[in-house]
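> Letter by letter, the chains look like this.
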Amino acid sequence: MSRYAFLVGGGFVVILLACAEMAVRGGFVSPYMAPAPSQVALTLASMFSEGRVLAPLGQTLGLLLAGFTLACVLGIALGLAMGADERVYNLFDPLVEIIRPIPKPALIPPLMLFLGFGAEMKIVIITMAAFFPILINTIGGVKTIDPVVLQTARTFRVGPARTIFQVILPSATPMILAGARVALGLALVVAILGDMLASNGGLGFEIVDMQRAFMLPEMYAWVVVVSLLGLLQAFLFHRLESWLTFWARNNA
Amino acid sequence: MNAQNITPRGQAVAQHTLISIEAVSKGYGTGNANLAVGSVDLQVGRGEFLSIVGPSGCGKSTLLKIIAGLVPQSSGTILIDGRPVQGPPAKLVYLFQQYAKSLFPWLTVEQNVAFGLDPTVARSKAERHARCMDLLGKVGLAASAQLYPYQLSGGMQQRVAIARALAADPKVLLLDEPFSSVDALTRLELHDLVLSLWESTDLTVVLVTHDVEEAIYLSDRVAVLGPRPSTVTHSYHTDLPRPRDPVATPAMERYQLLRIELLERLLSGRRPKP
Amino acid sequence: MLLAWEISARIFFPGSRSWPPVSDVVVTLAWRMVDGQILTALGESILRMSSGFVLGSLAGVACGLAMGLFAPLRWTIGTVVEALRPIPAAAIIPPLIFILGIDNALKISIISLAVFFPVVINTLSGTLSIDPTLLDVARTFRISRTSTLLRVALPAVLPYVFTGMRTGISIALITTVVAEMIAGSGGIGYYILNMQYAMRPSEMYAGILVLAALGYATNALFRAWEMRVLHWAHL
Numbered sequence: 000m001s002r003y004a005f006l007v008g009g010g011f012v013v014i015l016l017a018c019a020e021m022a023v024r025g026g027f028v029s030p031y032m033a034p035a036p037s038q039v040a041l042t043l044a045s046m047f048s049e050g051r052v053l054a055p056l057g058q059t060l061g062l063l064l065a066g067f068t069l070a071c072v073l074g075i076a077l078g079l080a081m082g083a084d085e086r087v088y089n090l091f092d093p094l095v096e097i098i099r100p101i102p103k104p105a106l107i108p109p110l111m112l113f114l115g116f117g118a119e120m121k122i123v124i125i126t127m128a129a130f131f132p133i134l135i136n137t138i139g140g141v142k143t144i145d146p147v148v149l150q151t152a153r154t155f156r157v158g159p160a161r162t163i164f165q166v167i168l169p170s171a172t173p174m175i176l177a178g179a180r181v182a183l184g185l186a187l188v189v190a191i192l193g194d195m196l197a198s199n200g201g202l203g204f205e206i207v208d209m210q211r212a213f214m215l216p217e218m219y220a221w222v223v224v225v226s227l228l229g230l231l232q233a234f235l236f237h238r239l240e241s242w243l244t245f246w247a248r249n250n251a
Numbered sequence: 000m001n002a003q004n005i006t007p008r009g010q011a012v013a014q015h016t017l018i019s020i021e022a023v024s025k026g027y028g029t030g031n032a033n034l035a036v037g038s039v040d041l042q043v044g045r046g047e048f049l050s051i052v053g054p055s056g057c058g059k060s061t062l063l064k065i066i067a068g069l070v071p072q073s074s075g076t077i078l079i080d081g082r083p084v085q086g087p088p089a090k091l092v093y094l095f096q097q098y099a100k101s102l103f104p105w106l107t108v109e110q111n112v113a114f115g116l117d118p119t120v121a122r123s124k125a126e127r128h129a130r131c132m133d134l135l136g137k138v139g140l141a142a143s144a145q146l147y148p149y150q151l152s153g154g155m156q157q158r159v160a161i162a163r164a165l166a167a168d169p170k171v172l173l174l175d176e177p178f179s180s181v182d183a184l185t186r187l188e189l190h191d192l193v194l195s196l197w198e199s200t201d202l203t204v205v206l207v208t209h210d211v212e213e214a215i216y217l218s219d220r221v222a223v224l225g226p227r228p229s230t231v232t233h234s235y236h237t238d239l240p241r242p243r244d245p246v247a248t249p250a251m252e253r254y255q256l257l258r259i260e261l262l263e264r265l266l267s268g269r270r271p272k273p
Numbered sequence: 000m001l002l003a004w005e006i007s008a009r010i011f012f013p014g015s016r017s018w019p020p021v022s023d024v025v026v027t028l029a030w031r032m033v034d035g036q037i038l039t040a041l042g043e044s045i046l047r048m049s050s051g052f053v054l055g056s057l058a059g060v061a062c063g064l065a066m067g068l069f070a071p072l073r074w075t076i077g078t079v080v081e082a083l084r085p086i087p088a089a090a091i092i093p094p095l096i097f098i099l100g101i102d103n104a105l106k107i108s109i110i111s112l113a114v115f116f117p118v119v120i121n122t123l124s125g126t127l128s129i130d131p132t133l134l135d136v137a138r139t140f141r142i143s144r145t146s147t148l149l150r151v152a153l154p155a156v157l158p159y160v161f162t163g164m165r166t167g168i169s170i171a172l173i174t175t176v177v178a179e180m181i182a183g184s185g186g187i188g189y190y191i192l193n194m195q196y197a198m199r200p201s202e203m204y205a206g207i208l209v210l211a212a213l214g215y216a217t218n219a220l221f222r223a224w225e226m227r228v229l230h231w232a233h234l
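Protein chains in written order, with numbering that gives the first Met the number 0: chain A, 0 to 251; chain B, 0 to 273; chain C, 0 to 234.
Hints are computed from structural coordinates only; laboratory data are not their basis. Just so you know, even glycine gets a beta-carbon here, dropped at the ideal spot from N, CA and C. Just to be clear, a hint being listed does not mean it is correct.
Facing chain A, a subset of chain C residues (Cβ under 8 Å, in silico) [as the list claims (entries may be wrong)]:
| no. | residue |
| --- | --- |
| 1 | W74 |
| 2 | T75 |
| 3 | I86 |
| 4 | P87 |
| 5 | A89 |
| 6 | A90 |
| 7 | F97 |
| 8 | M180 |
| 9 | I181 |
| 10 | G188 |
| 11 | Q195 |
| 12 | P200 |
| 13 | M203 |
Please work from the sequences and hints to get the whole structure.
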């Protein structure tokens, strides 16, 4: 059934694209508003064959990976500490509550003042955007562990390090991953926005650059590249999630 | 025990058939190859309290859902009052095993009961309120009318479900293991509640359970379903005096004999022969 | 922490263009509130954000319910939703500028779209996971189909809708700021970026403080509303 549904869905997407194609070619939509899908596809193909995609893609992807990894490490570490120890929680909670509600894109302008327009600024803002969902969910995941699980570990006289890595961390994994999924989406948004505002390369910059130059097929081609990156990212994350939390599936 | 304690109701049973199950089967998969319910023949008298017992997975809940018109049978017919069942019939109510899931969590206790009221019978708001409070009084929950389901214990939730079922003014009540997930004492209380409600009306009750003692204690008659594809293998009249008593009734010899007999039937094929 | 900000700015970065003392920021905030600069920008942002949130939520609930109840819609529209969902809002603002201009039409559309995805996904999964027992109860009481939809299905899905909207409301604020930065013509996001270009850090930080307050307030208000509506779900 799911395969069948996938075929129907794929067919529907093809039909939609065909409709868009006809709307542009038939003159119903001005080519100054949107190019024909076939034209975008051709542009994309030539961009790939000329190797023009690799540099901006690599740049954004590298920053994304660096920022997201950093956010995961920091978020999970602080989250474990805050979730497991009441004193650490009370120490950091006010700070978290103050910074968390700020929409992270708003921090790009001040960061540009401090760190300039380069990679440091972008990595910091990506890390900040991704950090909070991971932190909050890690705290939640640790705090909602069934006390029976912890008591079981204690009756077996398991040491603190083993308790953290073999009991607490695995139990909290489904929630941490749920936070990381949100974080990954946010990271991509601020990565693109950072490119756009700093105007020094990367996928986001290519999009606004083509927009300002009124090169619509190129602009759409770059949007397609970003979309594919988003799709690929979501797909890979989904695989990672089902691989790491296969045991939680029936308890959900 | 002397004969006066046996109510006339208990004896009048089986003279007028209300529910007639004829050669009903239920299969799954292509061509119904995987048969869950074999060919079941069963008659339920007007006003009778019938229990169906069987090993888990024998399709007894499926049979009950077929009677309720919630699941279509693969073959055979079910007549209630001479009319074939196609979809949920009027004046028949089904009490679900998962009482916690069967109550609407967003409605108060009273609103949940009001859900079962026939809107054509209780028209005015005052009338509906009075009817709900009357029913809640019967199940001993008048004081909890404005609470929400999550604020009630399991036994109380099941009482609300019973009150809601009665709100529909049913002629037939189908009980699908309704007492299986409450604690033992609460279960005894609910047994007596159901019996007193049954005795004060002309309700016909069909109970599905895997608890042999519960079946004997409550019923006029106990039908035994065999393993898949299940058919009715045996049927026993309990012939125990009413009103039943949670202490005295299980102490009777007849009760003990029935219990041994039914357990032997259910466990046969599972226990190695000596 | 505020003290650390004040002292560090006064001692280590006196006269800095990027790190003004917090007292300056607060004074600036007060002035810009009085002269209406920040208030106007804030009003614009709130208006966009709330209309985008409402439109996106309504569309999300309608589509989610429809997709949950009719499998063919799930196969067609569902695939499109799944394909479009991972696209970051920031990337489709530039192409949308050519179609919708840079005014409210663009911003409200992009905010609605960003809110739409979490709401539709949650509503759909809520509709698919309605407990069959509840629907069976409605059937044994012989309740009509429309009545079942309104009295049983809709309330049962409501907690999922709220989960989607809770994600949606913080995404709405983020998208508002992003849209105002990329297609700037007013609003707090534009104000912050503009003040950075103009080298007026106190104004810039004042804007960020206002945004933080807005984020905090929307979250608190939404929580209160959710608690009121979903008290029975025993949150």
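> Next, verify each hint and record whether it holds.
Here is how each hint holds up against the structure:
1. W74: 4 Å, holds
2. T75: Constraint on T75(C) satisfied, holds at 4 Å.
3. I86: 4 Å, holds
4. P87: With Cβ-Cβ at 4 Å, under 8 Å, it holds.
5. A89: Hint on A89(C): holds, closest Cβ of chain A at ~4 Å, below 8 Å.
6. A90: With a minimum Cβ separation of about 4 Å from chain A (threshold 8 Å), the hint on A90(C) holds.
7. F97: This interface hint holds because 5 Å falls under the 8 Å limit.
8. M180: It holds, given that the least Cβ distance between M180(C) and chain A is near 6 Å, below 8 Å.
9. I181: 6 Å, holds
10. G188: Hint on G188(C): holds, closest Cβ of chain A at ~7 Å, below 8 Å.
11. Q195: This hint holds: Q195(C) lies near chain A, its Cβ roughly 4 Å from the closest one there, short of 8 Å.
12. P200: Where the cut-off is 8 Å and the nearest Cβ of chain A is about 7 Å from P200(C), the hint holds.
13. M203: Since chain A brings a Cβ to about 6 Å from M203(C), closer than 8 Å, the hint holds.
When the structure is compared with the earlier hints, no violation turns up for any of them.
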